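Enquirer: Make a model of the complete structure from these sequences and hints.
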Amino acid sequence: MDIAIQISNLDLFYGAFHALKNVNLAIEQRKITALIGPSGCGKSTLLRALNRMNDLIPGCRTTGAVLLEDKDIYGPAIDVCELRKKVGMVFQRPNPFPLSIRDNVTFGLRVAGRKNNASLDDTIEKSLQDAWLWEQVKDKLDNLALELPLDQQQRLCIARVLAVEPDVILMDEPCSALDPISTAKIEELMLELRRRYTIAIVTHNMQQAARISDYSAYMLLGEMIEFGVTTQIFENPKDKRTEDYITGRYG
Amino acid sequence: MALAFTALTSLLLIAIFIFKEGVPFIARVGFKDFLLSSDWRPQAGHFGIYPMIIASLLVTFGAMLVGAPLGIACAVFLNEFVSKPATRIIKPTIELLAGIPSVVYGFIGVVVVAPLIRSQFGGPGLSMLCASLILGVMVLPTIISISTDVLASVPNAYREGALALGATRWQSVHMVILKAGRSGIVAAVILGMGRAIGETMAVIMVAGNTVQLPHSALDSVCTLTAKIAMEMGSATGPHRQALFAIGVVLFLMIMMFNALAMSAIKQRFAGK
Ligand SMILES: Nc1ncnc2c1ncn2[C@@H]1O[C@H](COP(=O)(O)OP(=O)(O)OP(=O)(O)O)[C@@H](O)[C@H]1O
Ligand SMILES: [Mg+2]
Numbered sequence: 001m002d003i004a005i006q007i008s009n010l011d012l013f014y015g016a017f018h019a020l021k022n023v024n025l026a027i028e029q030r031k032i033t034a035l036i037g038p039s040g041c042g043k044s045t046l047l048r049a050l051n052r053m054n055d056l057i058p059g060c061r062t063t064g065a066v067l068l069e070d071k072d073i074y075g076p077a078i079d080v081c082e083l084r085k086k087v088g089m090v091f092q093r094p095n096p097f098p099l100s101i102r103d104n105v106t107f108g109l110r111v112a113g114r115k116n117n118a119s120l121d122d123t124i125e126k127s128l129q130d131a132w133l134w135e136q137v138k139d140k141l142d143n144l145a146l147e148l149p150l151d152q153q154q155r156l157c158i159a160r161v162l163a164v165e166p167d168v169i170l171m172d173e174p175c176s177a178l179d180p181i182s183t184a185k186i187e188e189l190m191l192e193l194r195r196r197y198t199i200a201i202v203t204h205n206m207q208q209a210a211r212i213s214d215y216s217a218y219m220l221l222g223e224m225i226e227f228g229v230t231t232q233i234f235e236n237p238k239d240k241r242t243e244d245y246i247t248g249r250y251g
Numbered sequence: 252m253a254l255a256f257t258a259l260t261s262l263l264l265i266a267i268f269i270f271k272e273g274v275p276f277i278a279r280v281g282f283k284d285f286l287l288s289s290d291w292r293p294q295a296g297h298f299g300i301y302p303m304i305i306a307s308l309l310v311t312f313g314a315m316l317v318g319a320p321l322g323i324a325c326a327v328f329l330n331e332f333v334s335k336p337a338t339r340i341i342k343p344t345i346e347l348l349a350g351i352p353s354v355v356y357g358f359i360g361v362v363v364v365a366p367l368i369r370s371q372f373g374g375p376g377l378s379m380l381c382a383s384l385i386l387g388v389m390v391l392p393t394i395i396s397i398s399t400d401v402l403a404s405v406p407n408a409y410r411e412g413a414l415a416l417g418a419t420r421w422q423s424v425h426m427v428i429l430k431a432g433r434s435g436i437v438a439a440v441i442l443g444m445g446r447a448i449g450e451t452m453a454v455i456m457v458a459g460n461t462v463q464l465p466h467s468a469l470d471s472v473c474t475l476t477a478k479i480a481m482e483m484g485s486a487t488g489p490h491r492q493a494l495f496a497i498g499v500v501l502f503l504m505i506m507m508f509n510a511l512a513m514s515a516i517k518q519r520f521a522g523k
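These protein sequence lines map, in sequence, to chains F and H. So in my numbering, spot 165 of the first sequence is number 165, and the numbers just go up one at a time. Position in the second sequence (from 1) plus 251 gives the number in my numbering.
Derived by calculation from the structure, the hints in this document are not laboratory data. None of these values were measured; they are calculated from a predicted model. A portion of the hints provided could be inaccurate.
Now the stretches of chain H that chain F is said to cover, found in silico as 3 or more residues with beta-carbon under 8 Å [what the hints assert, rightly or not]:
1. 297-306
2. 501-513
35 Å max Cα-Cα, derived DSBU-like pairs, lysine-lysine [what the hints assert, rightly or not]:
3. Lys140(F) to Lys430(H)
4. Lys115(F) to Lys430(H)
5. Lys517(H) to Lys138(F)
6. Lys430(H) to Lys138(F)
Glycine residues also receive a C-beta, built at the ideal position from the N, C-alpha and C atoms.
Expert: Here it is, written out as structure tokens:
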């Protein structure tokens, strides 16, 4: 089993608030790892620690290590922009840029210095195809992305991440703004993407975690309570607190 | 309610008064001889304001060349690179600059900028260049204040999305944030233009006030506003009416700028 990201003794503070407490977790390559737990337990915080999005929050402090390819992403020699190209992120609310569909998909490449011309056409087609969006948008690549329906916007956000060929994709409740049919489609897409990408997903939806994830991590009040194969977590939790949550007595 | 009504009616009355005095005059002199002739000799019955229209437009345009980039850069800096608490202090301070009387700006123009222009580039010093520089600074509070509000209203999700794709702060600003706020920033600049073209005191002090078509930025010029302010006190008869007619032209220009700014803002909200 290959580890994509190894989190060791991670502590995170928002000012004086201790949001993550000594978290340890190994995220396996080409698997889907789900982070579950009640609201406010630190799932998003942990996910955003993996591409250092928390750096944007004033007063946020992190200690411990997050190893990506055996290098600590909080170490001194890390280029955060490079890190974020390797560890992409899909947000809770679809957030395509107010640009054309084409410019959305090529954004990560243009950021990396590629010229915006026909040489990107192949990548555009491939990324959109991999996000199952090509058929819907191939005739209107120059339209504004914000004109798309919400579920297509979210798949565009996925396509935009795929275009930079990351190793890991972080998803923070990617379906919470979508209806059940769109949700099912994105779940199916994730299972397909798992062949090539490592995925970490935060979800509030227990059934979703059970349906798609290989591993699940249950968090409570900033602590990692239990981590294991999803079927084990859901059918045979070792910790009483996990069991309470799974069976719906809590959260 | 009553207050608002009073304010509105007095504004309306002023507009009606200007138009009542000015429009018949334009009709009598003729559109062409008023707007497109360069012959301004009120005593001899010649009322061509073409050089002053051009001067007003050029000075305003010059002011925008100075004020727009500086103002937008400042707004970007304040909004994207300065911490929130610091911005909360700096922004009101900048807005306070709008309250400095324009004589003060004019004074600085006369004692600092004009001599500098004269010694560095030649010419009379009191010139179109000088007026543009001073006006460029005077419109900064308008442009900065509105642009900062526009940038602050760009959803944070765009910033996060850009940074999460490996963009630097600067890339996120010019590839996404400025594009998202484009129409709002355009509106800010147009409102700044309205302010520049209407400015009078500072312009009288620094522009030189020679009625002529300028050949270079170092030439002395006379703007529409300067003409009205300088001659209204002593003008009588047709001369006085001519000044009101200039007021009509200014009024229409500023209305046009405001309408443009409004449509830019509308477009912004339609785009969401
Ligand atoms: N920017 C911040 N500043 C201070 N505290 C924060 C900040 N962001 C989150 N927190 C706190 O950190 C804790 C964890 O927040 P986080 O958003 O990671 O929870 P979550 O598990 O993702 O919750 P949810 O399921 O509601 O999304 C919460 O108590 C929250 O109040
Ligand atoms: Mg969350």
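Enquirer: Hint by hint, note whether the structure agrees.
Expert: Hint-by-hint comparison with the structure:
By the rule of at least three residues with a Cβ nearer than 8 Å to a Cβ of chain F, the coverage given for the segment 297-306 of chain H is violated, with 0 such residues. With a cut-off of 8 Å between beta carbons, the segment 501-513 of chain H has 0 residues touching chain F; three or more are needed, and the interface restraint is violated. Among the hinted pairs, lysine 140(F) with lysine 430(H) is consistent with the structure: their alpha-carbon atoms are about 20 Å apart, no more than 35 Å. Restraint check for lysine 115(F) and lysine 430(H): satisfied, since their Cα atoms lie roughly 18 Å apart, inside the 35 Å limit.
With a CA separation close to 30 Å, the supplied pair lysine 517(H) and lysine 138(F) stays within the 35 Å bound. Pair hint lysine 430(H) plus lysine 138(F) holds up; C-alpha atoms about 24 Å apart against a cutoff of 35 Å.
Comparing the model with each numbered hint stated earlier shows that hints 1 and 2 do not hold.
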